[in-house]
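Q: Letter by letter, the chains look like this.
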Amino acid sequence: MLKQIEGSRGVAEAVALCRPEVICAYPISPQTHIVEGLGEMVKSGELTHCEFINVESEFAAMSVAIGASAAGARAYTATASQGLLYMAEAVYNASGLGLPIVMTVANRAIGAPINIWNDHSDSMSMRDAGWIQVFAENNQEALDLHIQAFKLGEELSLPVMVCMDGFILTHAYERVDVPTQEQVDRYLPPYEPRQVLDPSEPVSIGAMVGPEAFTEVRYLAHAKQMQALELIPHIAAEFKQIFGRDSGGLVKPYRIEDAETVVVALGSLLGTIKDTVDDLRDEGHKIGVLGISSFRPFPIPDIRDALAEAQRVVVVEKCFAVGIGGIVSRDVRMALRNRPQPVFTVVAGLGGRAVTKVSLERLLRDAVADKIEQLTFLDLDWNIVNKQLERDKAKRRSGPIAESVLRDIGVVAAKMV
Amino acid sequence: MFQVRIHGRGGQGVVTAAEMLSVAAFLEGRHAQAFPSFGSERTGAPVVAFCRIDDKEIRLREPVMQPDALIIQDPTLLFQVDVFSGLKRDGYMLINTNKSFDELGLGDFVKDFRHERLLTVPATEFALKHVGRPLPNAALLGGFAAISGMITIDSVTDAIRQKFSGKLADMNIAAARDAYNFVQEEEKEAASHA
Numbered sequence: 001m002l003k004q005i006e007g008s009r010g011v012a013e014a015v016a017l018c019r020p021e022v023i024c025a026y027p028i029s030p031q032t033h034i035v036e037g038l039g040e041m042v043k044s045g046e047l048t049h050c051e052f053i054n055v056e057s058e059f060a061a062m063s064v065a066i067g068a069s070a071a072g073a074r075a076y077t078a079t080a081s082q083g084l085l086y087m088a089e090a091v092y093n094a095s096g097l098g099l100p101i102v103m104t105v106a107n108r109a110i111g112a113p114i115n116i117w118n119d120h121s122d123s124m125s126m127r128d129a130g131w132i133q134v135f136a137e138n139n140q141e142a143l144d145l146h147i148q149a150f151k152l153g154e155e156l157s158l159p160v161m162v163c164m165d166g167f168i169l170t171h172a173y174e175r176v177d178v179p180t181q182e183q184v185d186r187y188l189p190p191y192e193p194r195q196v197l198d199p200s201e202p203v204s205i206g207a208m209v210g211p212e213a214f215t216e217v218r219y220l221a222h223a224k225q226m227q228a229l230e231l232i233p234h235i236a237a238e239f240k241q242i243f244g245r246d247s248g249g250l251v252k253p254y255r256i257e258d259a260e261t262v263v264v265a266l267g268s269l270l271g272t273i274k275d276t277v278d279d280l281r282d283e284g285h286k287i288g289v290l291g292i293s294s295f296r297p298f299p300i301p302d303i304r305d306a307l308a309e310a311q312r313v314v315v316v317e318k319c320f321a322v323g324i325g326g327i328v329s330r331d332v333r334m335a336l337r338n339r340p341q342p343v344f345t346v347v348a349g350l351g352g353r354a355v356t357k358v359s360l361e362r363l364l365r366d367a368v369a370d371k372i373e374q375l376t377f378l379d380l381d382w383n384i385v386n387k388q389l390e391r392d393k394a395k396r397r398s399g400p401i402a403e404s405v406l407r408d409i410g411v412v413a414a415k416m417v
Numbered sequence: 001m002f003q004v005r006i007h008g009r010g011g012q013g014v015v016t017a018a019e020m021l022s023v024a025a026f027l028e029g030r031h032a033q034a035f036p037s038f039g040s041e042r043t044g045a046p047v048v049a050f051c052r053i054d055d056k057e058i059r060l061r062e063p064v065m066q067p068d069a070l071i072i073q074d075p076t077l078l079f080q081v082d083v084f085s086g087l088k089r090d091g092y093m094l095i096n097t098n099k100s101f102d103e104l105g106l107g108d109f110v111k112d113f114r115h116e117r118l119l120t121v122p123a124t125e126f127a128l129k130h131v132g133r134p135l136p137n138a139a140l141l142g143g144f145a146a147i148s149g150m151i152t153i154d155s156v157t158d159a160i161r162q163k164f165s166g167k168l169a170d171m172n173i174a175a176a177r178d179a180y181n182f183v184q185e186e187e188k189e190a191a192s193h194a
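Keeping their order, the protein sequence lines are chains L and V.
When we follow the numbering used here, the leftmost residue of the first sequence carries the number 1, and every step to the right adds one.
When we follow the numbering used here, the leftmost residue of the second sequence carries the number 1, and every step to the right adds one.
I should point out that these hints are in silico values taken from the structure, not numbers from a laboratory.
Errors might be hidden in some of the hints.
Cut-off 30 Å, straight-line C-alpha distance, at most; resulting in silico cross-link-like pairs (DSS-like, lysine-lysine) [as the list claims (entries may be wrong)]:
1) L/274 - L/357
2) V/167 - L/3
3) L/357 - V/99
4) L/357 - V/88
5) V/167 - V/111
Given these sequences and hints, build the entire structure.
A: Here it is, written out as structure tokens:
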């Protein structure tokens, strides 16, 4: 059914259609509306056979999800930013134990400086935690990926993180097609665990593993992610059969045939990039886009193939590894090893800075003319940066950086652009 | 694509207005995208929300920087925030006030815009009359339907009914209809003088 609703509401409805049995959550912006919606559905009786557990922290949220999942329940939670960091130890446990929990991460920056706005720093900090990570381009895909996530995770016995841009998607009202219960039931069978704490057939889950087997257990975790590379396209194809639309998959090419320049990105940024690329195509530039839907597992063969003919690759990413540079672009470079194309890193949209068409167009014009740096920061204000560097040089007690920068800008409230 | 920017203060229903506008457009079979500026959403603080309307899927995610229409829910923002930033010369402007553009000190500023697309509406008065609280958002949407013709008043009232229930919906709908009629009358009068 077509609805004009908030992204968070859409995700809550999609999760409810998946018949979760345990939902545990601790509120944090911009994720809160999702679990609020689910909480209301449980309370009103709209969502039955589901226990909604209020917990005292994100660490507890993931721990409850682990317990519930190990006991054979379909478990869901959601978080963002510092909340994800606070649950980090349990995040690794969920994947290490191989429990198919589904978690939404409403992507938000990580402090300090404290910042509630969107970027990908939070889920990127957990990219090596062993979870499957998929990124939604718009609210329709966010809904759809949750339905696919339960199926994928339960098939492999691995947890899945569905990443959607905080505020930009979670708080946006747009048209979504909310599937029927009958469709979701046809697609997603009841949870049949590969391991379960069952008194009639007792097992222990979570043994200590020493040097004699740790490498093998870790390798098996990798092997499962490699199986996910095979499975994700099937899950998406089956989804299309029942729901009639393309959602998810490993990568999403857009106008890359004959493209000399290909822009690679994740999440909601893809929409603005596609609009920009359409304009540049109209002017005759041979440029295309490659969206990455599945970031973990990282689809190296698909990315390698899709970029084979490109002369240059521009990765625009909402995250940044201090001390080295890009995160997504490093993985893309890995996919293009032994290939001649340069891969440029463009860091954009950190801490909620709007990524505008004007800035993207300027960037891509420079890129096509081979005039961008290996590591480029979109719309970076060099005056502000240099002022602080000078201050640091001028005196020992140069003071706190964030406060000094804010004073230079004279910002009292967050600016629109 | 038609882009609307709504300015107001925290607590005035700015974000709700953008959401209801998107619902109204959706009900007419169009694609619409509404989102807030996600800033300091404290009561009284300046708040901005956006709505895009189009006949095809909307992929663009940047804030609305060159609006086709501007709705200003609180005239005290006029000299505090750059509310007019990027407004197109042929854009629509609706300001919640019982003063005229001249009385607001905007007479000179608006002289290059299309006058039939600019209007001040006493939306807070309509809200106080019907809702009993100074929440001008529904009334302004009624006014916007009248001045722009982008959406019908019936879609606005349907959207209000999706967001609010029962008596609260009825009261907001009454405010929206009053503002709609007010704007139509103003336009008729302006046309007769032209």
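Q: Each hint: holds or not?
A: Hint-by-hint comparison with the structure:
no.	hint	result
1	L/274 - L/357	10 Å, holds
2	V/167 - L/3	24 Å, holds
3	L/357 - V/99	37 Å, violated
4	L/357 - V/88	18 Å, holds
5	V/167 - V/111	41 Å, violated
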